[in-house]
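In the order they appear, the protein sequences are chains A and B. Heads up, the first sequence is in the numbering used here, so the first residue is 0 and it goes up one at a time. Heads up, the second sequence is in the numbering used here, so the first residue is 0 and it goes up one at a time.
To be clear, the hints were calculated from the coordinates, so they are not data collected in a lab. Hints should not be assumed to be uniformly reliable.
[To be verified] Here chain B is said to cover these stretches of chain A; the calculated rule only asks that three of the stretch's residues, wherever they fall, bring their Cβ under 8 Å from a Cβ of chain B:
id, region
1, 160 to 171
2, 195 to 202
3, 236 to 245
[Stated by the list, open to error] To give a feel for the contact side, a few chain A residues facing chain B, derived at Cβ under 10 Å:
id, residue
4, G79
5, R83
6, A86
7, G89
8, N111
9, A154
10, R156
11, S174
12, D301
Beta carbons: idealized from backbone N, C-alpha and C, even for Gly.
2 protein chains.
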Amino acid sequence: MSGRPENEQSAGSANRSAITVTAPEGTPEVRKGDDLAALLLTALGAEELSDGDVVVVTSKVVSKAEGNVREGTREDALPGETVRVVARRGPTQIVRSRLGLTMAAAGIDASNVEAGHIVLLPLDPDASARTLRATLRDRTGVNVGVVITDTAGRAWRDGQTDIAIGAAGLEVLESFAGQVDAYGNDLVVTAPAVVDEIASAAEISQGKLGARPFAVLRGRADLVREPGDDGPGASALIRPEGSDFFGFGAREAVVRALKGAAADQAPFGAPASVEELAAAVTEVTGIAPIPHGDGLRVDDADPAVVAALAFAHGWRCERDDTNLGATSLLQPMTA
Amino acid sequence: MSGRPENEQSAGSANRSAITVTAPEGTPEVRKGDDLAALLLTALGAEELSDGDVVVVTSKVVSKAEGNVREGTREDALPGETVRVVARRGPTQIVRSRLGLTMAAAGIDASNVEAGHIVLLPLDPDASARTLRATLRDRTGVNVGVVITDTAGRAWRDGQTDIAIGAAGLEVLESFAGQVDAYGNDLVVTAPAVVDEIASAAEISQGKLGARPFAVLRGRADLVREPGDDGPGASALIRPEGSDFFGFGAREAVVRALKGAAADQAPFGAPASVEELAAAVTEVTGIAPIPHGDGLRVDDADPAVVAALAFAHGWRCERDDTNLGATSLLQPMTA
């Protein structure tokens, strides 16, 4: 694994840990072909980068420099950026984008750009982060981490926070697996998404009015990897298709299960246990399934209902009309 | 609305905006009845609080000081903290808690506490934040904002970030409604959840090993409200029941729609438009509904399927057996 430079906080006061986030003003409008490293270094002026700094830059200026600006509206561009719709209500569409990000309108932005134009997300934000990191190393000799941010809504909570959509040279998850707290309890599942937290810290410093696309976070050099080791990138934080409990809006999940079951599509998501499926069938229909080989048999329940439940649980459902009355046979996907 | 003290950044360099987050070490184990304000001021030592600082404190030490620690396991305590299950797979339960927060195991924590004990979230984190703010004002004369944090998983992305579960004296959403960017575009929907971003910035400084429960963020005095004006609190960020697209896991949404439709329960969520419902019925059944009064009539489709779709879209469904064949009548909730 990556070696890590010594934590800068050891250079500070012994009894506190401090970070600073500086967002320089004075960056001109970014245009296609602009040199982001040069713009950052100019904006920083006398304040030089140091080993272990984390450079944060908004995806908007990365996209502008890379020429990922189009004439048109968000609605025009949305289909090309979308892999599938996650949830839709009225004019709001939350989609899974070509980058795997779940975002309203695929992160297409119509603010801080000429009227009548839109900014798409960078083609490969992790690659953009690696390039900027390497360029800064070439020009200054310092070893920094780079985060590329965008602003995203969340499930369950109002408002947006900035998240990392690209990263280079950084731990993205700070894993405590194998470590214990002061009481000896295992910290098994704790894994702070530090690049997302860095993105949010930068937003607090940058603000949203467009004049400060860069920020430099100092004080967590322990998160920065050695030169040449770019780490997994921010894309490693994206849950793969099918592994998320919330891969579909509640309404869309119902439509998808009923439709998918009727059309005999491949189920979505990892299969539930036979006990979980049996409990769901009993809960909905009042009829307890009967074990049947590796699977279950359900008698006298609406076959469409049973098929939708099977689909939602990642199981296959076959209707058996050899007996009198409706019988459904449920099989695990591996069968 | 609240007046705001002058933004501190004007006191710094004119061409950059900087925040600092300091997390002092040296806080002893917190016990029931401990005085958090005194512990913070002792930990800060010579570094005094200033007007416009934001004091961030983990919910864990707030709970410990308030005596919200129990003997037992997370499993024992979960039912008492849960309003309803949002999603469940295997041993993982994501629930909506009595505070309205959607979190794994209702935010009950078994780390950084004596083995065999658990820490529940504070009873009313916004009230705890208000109390700490008032106490700090009484003792020091300074006007700060207070954020109480917890660590939460997210939909769509791996890892956790710290969020604000309590707040006092702060803007919680920084609204740009009515403002325009440098190009004159409206910033209508942009509303950064600044208290959540502050919580994340603090986590970057505090870390997870328990020795630094406090942090002080300096540089965003513009977000701090006047003394006596505590603002809406962090609970204002929680989406109300029924208004969230992701109020149920995909699997749970299917179970709930099929069961709720069968049991003639009240639908969940705000009603969809008649066009949205008609499109869903057509998509799933292949049968286009026919306008019928304020609602729709669906002939020759599986009534259980139509009822589940109606339920998922916030509509009522009645089966009409006066005609030959299955007919479902769909009515908006207001009818």
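Do the hints match the structure? See the list:
1. 160 to 171: That given contact holds, which follows from 4 residues of the region 160 to 171 of chain A lying within Cβ reach (below 8 Å) of chain B.
2. 195 to 202: n = 6 at 8 Å, threshold three: holds.
3. 236 to 245: holds (count 6)
4. G79: 21 Å, violated
5. R83: 13 Å, violated
6. A86: 4 Å, holds
7. G89: Cβ of G89/A sits 7 Å from chain B, so the hint holds.
8. N111: 5 Å, holds
9. A154: Holds - the Cβ of A154/A comes within 10 Å of chain B, reaching about 4 Å at its closest.
10. R156: With a closest approach of 5 Å, the R156/A hint holds.
11. S174: 9 Å, holds
12. D301: Check passed: Cβ of D301/A comes within 4 Å of chain B, closer than 10 Å.
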